[in-house]
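Residue-level listing of the chains:
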Amino acid sequence: MDLSLSDDQRAIRDVFADFFTKESPVSIARAAEPLGFDDVLWTRLLETGAAGMAVPEDHGGAAATLSELIVVAEELGRAIAPVPLIEHLVASRLHPEPDIVAGQGIATVALRPADADGVWRLVPGGAVADVVVGVDGNDLIAVRSDPPGRAPRNHACAPLADRPARAGRSGRSSAEVERTVIGPASALAPALDEWRTLTAAALVGIADAALAIGVDYVKVRKQFGVPIASFQAVQHAMADLPILIEGARLLTHKAAWAGDRARAGLRGTIDIDDNEIDDYPTLAGMAIVFAGQAAAHATDRSLHFHGGYGYAQEYDIQLYYRRARGWALVLGDPSTECLGVAERLFGPATAPATGR
Amino acid sequence: MEFTLSEQAEQFRSEIKRILREVGTAEVIDRQHQTGTFNSLEVNRALAASGLLERACPGLGRGDPIELWILFNELDKSGVGYDGISVALLAAGVINHVGSDLQKQTVIPSILSGETLVSLGYSEPDHGSDVASITTRAVRDGDEWVIDGAKMWTSLAHEAQWILLLTRTDPDVPKHKGLTMFLLPMDTPGISIEPVRTMGSERTNATFYDNVRVGSECVLGEVNGGWRTMGVALAFERGVMGGTASGVSLVRHFHHWARGTGLLDEPIVRERLARIAIDNVVASLLTQKAAWIAASGGLPGLEGSMVKVFATEAYQKAAAWCQQMAGPAGLLHFHEPGAAAEGYVDYDARHAPVTTIYGGTSEVNRNNIAERHLGFPKAR
Ligand SMILES: Cc1cc2nc3c(=O)[nH]c(=O)nc-3n(C[C@H](O)[C@H](O)[C@H](O)COP(=O)(O)OP(=O)(O)OC[C@H]3O[C@@H](n4cnc5c(N)ncnc54)[C@H](O)[C@@H]3O)c2cc1C
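Going line by line, the protein sequences match chains H and U. Letter by letter, the first sequence follows residues 1 to 356 in this note's numbering. Letter by letter, the second sequence follows residues 357 to 736 in this note's numbering.
Bound conformation, chain H alone (with noise of 0.2 Å):
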């Protein structure tokens, strides 16, 4: 048991924040809007080997853990960086092409199987994507086609786009859509439950920033002669957000780590009785759960404590503010996740609900 950063997630970790730092100040993601995508940082973002970390060596990638890559996402959060690493890492464990593996096509994954028409609805990443690997019926595909370099204007300002799995969706010809079945459904489980872990992960760092800019802001700020920082009621719900975030990096590192463990083949517990959970997918749904509601939590207060500022374009908290949200949306509600993680907890519900 060691609940410190491993040398080598401090080492990654002091790679990125630094990279992040320099070439992705908040203005970029304040410039990068309303799409939500940036491609000099993107092109900047290759020169590190981000785009290939999660692939095996036999494809040419860097085979980064779960754990070494959720340190990459914290500070891509923090950064609000508008780049869709997280879904391309995802993706391109899943479909390591060359192209994808280099980083010169960005891939991502479609949350959510195609509906009947054929069309992977809202993907994050999606209106950027060179290829989109998803759900559609009994398969898991990949799908290449042009991506539509715009999205629906959005909460977040996130490229989401709706994409089309088959040929001739979306008003595209066949000629226009190549694709690879991957494998049957069933293999895009864990791929969720990578991008729960990541996301928890870079919502962290969304929260972690939030809070520091809050509490600079009240340290500055002066109403009734004093700094807003010595009200206490100020205070105690400031206090509280290095709690939430604090249990939702463990809770996500925990889950990282059985990622990392169901990969090398071994199954984890779940003891409800015991409160013995190491069970990736159960701690994967948590863990998303858990930051989203800390990310939710802390932008909230931070943006309410910097009074009517906080309401104004011009402030930065908004940009975190937002995203908190989209970035975990798009997954669908909380409760729906929270459903999922009973159903490993407690098992199947064996009776129809009564809709009590």
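Possibly wrong hints are sitting among the right ones.
Okay, the calculated bits of chain H under chain U, using three or more residues with CB under 8 Å as the criterion [claimed, not checked]: (1) 240-249; (2) 265-276; (3) 279-291; (4) 340-346.
The set of hints was computed from the structure by calculation and includes no laboratory data. Backbone N, C-alpha and C define an ideal beta-carbon position, used for all residues, glycine too.
Could you slot chain U with the ligand onto chain H? The hints should help.
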């Protein structure tokens, strides 16, 4: 980060589980609830006999530092009350940090043998959160000290052999600088005890000190250095010596009962139980961090405050949800037919409110985080 326990720690855990299964029987637990004394000598003795108390004692333990967390986590989860063990080990940790050789030699071994309990005499009728303002006086008289005053909430004083007593030894200096901690035998003439009953069945006490005469060997730490001793004691108390996993036995009791009634099929019940389970995992991780620091020789003053606020408030939410989900059955006491989870739902709902009060209220802990972690000015 690495979340696997070492083989040694795993063994330690299974040994504790085995002992708690053997001696922490339903009758033992029932007796605790009947008497309001959440301490059982047979449990303490059995743990001590296997050397488990010694191994987990902060600063003394020779085992894996995480064993401190394991001991209290297993006690917490088992549902066996262990107030005696937590205060005794806390006291042993404090004595080891600041005590004299004589105190270390006489008190620590008897604590680690499971025979001796210690109570904490900090709070007074008029001074709780602002504990540095206490007025129980200790006045030097030749080689002796004479103590007069009254303490409130002196839990386990009716069972303990020793008390850590916080006194004022210099009224003429700023409040934090005139305090001295004593380590006294409870049978010292002049000490008297009156029971105080609580909503959660727990019995605590008011204690009175009338012309109590003790020698200077009873001073724990420095004269007028009592605030430093308090700092050590509070850092061990909060988040380290248990009390952060109450939600685990609540979920256990509740879901087994809810399965029987069919309630466990309801989506709203499942969602809430999942949310409680998530909080339980987070509380466990935050506790591991604080306990790790304490067991490795540090003082987790900040981390302890963080986990205490989180775990106790999550437990209160969980207890309220479970009682609501159970409906009227959640109102019934132990031994009443039809009581939800054999009465545990009602018990947890009665017990949960105190957890954000004792050991430092949530507000006091948030002040601590605001000042020490966020660097905000003192609000008081
Ligand atoms: C069952 C039980 C067992 C206990 N066992 C022990 C024991 O063994 N030994 C011992 O010494 N003590 C013990 N205590 C006492 C416990 O530590 C105190 O109750 C606690 O510190 C609060 O003090 P108080 O009750 O005087 O409340 P007060 O200090 O009067 O507080 C009342 C309210 O005001 C709030 N408040 C106070 N100051 C501030 C502030 N600065 N900012 C914001 N809000 C504030 C508090 O948070 C609280 O909500 C026990 C208490 C109980 C109920």
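**OP:** Hint by hint, work out which the structure violates, then give me just those numbers in ascending order.
**Re:** No numbers; nothing is violated.
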